[in-house]
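Based on the sequences and whatever the hints tell you, model everything.
Letter by letter, the chains look like this.
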Amino acid sequence: MTKTVTDVICPFCGTLCDDLEVVVSDDGKQLLEVYNACAIGAEKFLHSQAKDRITRPRMRQEDGTWKEITYDEAVEYTANMLADAKKPLMYGWSSTNCEAQAVGAEIGEAVGAVMDNTATVCHGTSLIAVQDIGIPSCTLGEVKNRADRVLFWGCNPAHAHPRHMSRYSIFPRGFFTGKGHTGRKVIVVDPRPTDTASLADIHLQIEQGHDYELFDALRVAFKGEKLPDVVAGIPKEKIYEVAETLKSGRFAIIFFGMGVTQSIGKNHNIDAAIAVTRDLNEYTKAAIMPMRGHYNVTGSGQVWGWQFGFPFAVDLSRGFARYNPGETTSNDLLRRDEVDAVFVLGSDPGAHFPFNSVKKIYDLPSVVIDPHETPTSEVCKVHVPVAFVGVEIGGCAYRMDNVPIETRKVVDAPEGMMTDEEFLTRVLARVKELKGV
Amino acid sequence: METVTLTIKNQPGLFLEADSITPDAFAGKKAEEIVDLPVYVGREQFRLGDYFEVSGNAGATPAETKIVVNGDLSRVKYIGMKMTAGEIVANSNADMYVGAWMQGGKITVNGNVDAFAGTGMKGGEIAIKGNAGNYLGAAYRGDWRGMAGGKITVTGNAGSDLGTFMNGGEIVVDGDVDVHVATHAEGGRIIIKGNAKRRLGGQMVEGEIYVFGSIDVMMPGFAYREDVDVDVDGIKGRFALYEGDLGERHRKRKGQTIYAKLYQRIEA
Ligand code: SF4
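Sequence lines, in order, name chains G and P.
Sequential numbering of the first sequence, starting at 1, is according to this note's numbering.
Sequential numbering of the second sequence, starting at 1001, is according to this note's numbering.
Since the hints were made in silico from the structure, they are not lab data.
Nothing here was measured: the structure is a model prediction, and the numbers come from that model.
Please note: incorrect hints may appear among the correct ones.
[Unchecked claim] Some residues of chain P that are not near chain G, with every Cβ distance over 12 Å (derived):
id : residue
1  : Thr1084
2  : Ile1235
3  : Gly1255
[As the list claims (entries may be wrong)] Looking from chain G toward chain P, a few residues come up when the C-beta cut is under 8 Å (computed):
id : residue
4  : Glu213
5  : Leu227
6  : Asp271
Glycine residues also receive a C-beta, built at the ideal position from the N, C-alpha and C atoms.
Next comes the structure, spelled out in structure tokens:
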């Protein structure tokens, strides 16, 4: 016999779909099938069932091989590494629940760490812009029910957030959007002809790296001022047309991704995009939203926001919180040799950071907490496998629109495995002992 | 003016946070008291004397105190932070935040400086005899009040994000600058004697930018108005005047909209 668990949350991307159905064995130990999820979401659930999964901590030996150690030994190594360091980096925090993020922040405070999350290579630039000029935003529910002008800038949800378009942004029929797709005008700004662009009414094939100029041109067009003949490879007639299309809607939403947050200008691009949104509110209702990647990167910004006042790149080394991307961001710290130990949880810098930074992690004392074997576990001294959040343990996560959603446990973790939160709680207790606080 | 000479004797394993190297912290102290001022490496506090040889006594007030710093300072942050008077001469490259939030006095760096020099500067003078990093004379993160007064001169080149949110004061760069100049500025004056790349005056409300060399891409929000004769930093020349950022909000004075001004020198 099997059981079907309904209303399961997908712990993969920032869309945080909440309508999955998962079939589990009667004893609740095996996960058999996943319904309603997209391919990448389903894969995450099924991955937890891998037969060759690592279920105990491991320590790297002199000859490069792994030796199995106990969770107690892993706690001891981690606590000592953090307590001994003058300035440890505690990075990741995007693929775990808010409960674990909060305990991690307590450890960071006790050892004077720099706390940074994956926003540092993703939407951190958006957070800088938000701090500089604010953000008129909304929830995905409002998008579904109201938006009739949808602009995707530098993002490709068809591949990165597969169910975003069907659940919220292009296809669904909502309260004021009864015609679904046909009632919406979709605009895509992308230098490449992506699968998302193929669904657009207007595709602006912008010259790569000229986003800031095009945002500025839209603002000039809204005000009816004169434009140069061509901006960012787009003829001015087209820019006036897009400006008119956006102004004439009842509710415009701009979604943006790493095509603008990590190309030249970074935070300035988002700053200008927010200014475009603000300008549009002179004519209609408009909102803007970052397409956050990891399912709970938004949550780690929330947790640190309420604990330290800053959403990423928080330097606690001097006993008060300092925040200055460019200095306190992981890659700058690693590149400049500003940190002397690295702790990673819920992210894979080994795969996402530049080679020079990864090399620095390899050279330093380092621990990675991750259910998977990853490129990061390949360069760390200790690897601590844990239960999958959202599959084997519940906990709070924040969707890309800052709506908190409680994820659900659907199956048991393999016998004797710890969760992120349990492991961190043990490390915190040991750190306090070592520090005598 | 009394002079205190610091010579670095130990390089920090990580970076040294030396916000106590200011005439304000030194004033009224003898060398043997100055060595006890705090510096930090990560979460650990040390004495200034753990890293520097100190000789000479400070003057009675910051204005009567001059500090000369010798040796390799490329891993030392915050030199001259928040100083109000007096003088600092650093005979080396220096790391981040030289003269950040400075209010008065003078800093001379005989070398390059890393990012965030003159952050949120209110007054005084910084002379950089080499190159400057990114965010020279910019606002601190999230602050919409950037450089408000004082003067920064750079003999070499400057990085990106020069004068972000600038409100007043002057920055003169003899060499070239990277992208994003005077973003969000509401006042002040930036003079670039070399070449500029892109994104000058993006979202700029008020203030002036002068460029003697080339500009790779002009912002679409800047419109050409006329050619004018200008006398800037002692140099006379004919400049093309652009106004912008047309997309940004602007104040009105006597019924006239006030725009930011960008002058580009016309080849003589
Ligand atoms: S769109 Fe994202 S949250 Fe939804 S099922 Fe796919 S991976 Fe999971």
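Hints, one by one, checked against the model:
1. Thr1084: holds, 22 Å
2. Ile1235: Since the minimum Cβ distance to chain G is about 29 Å, Ile1235 of chain P lies beyond 12 Å and the statement holds.
3. Gly1255: holds, 18 Å
4. Glu213: holds, 6 Å
5. Leu227: holds, 6 Å
6. Asp271: Hint on Asp271 of chain G: holds, closest Cβ of chain P at ~7 Å, below 8 Å.
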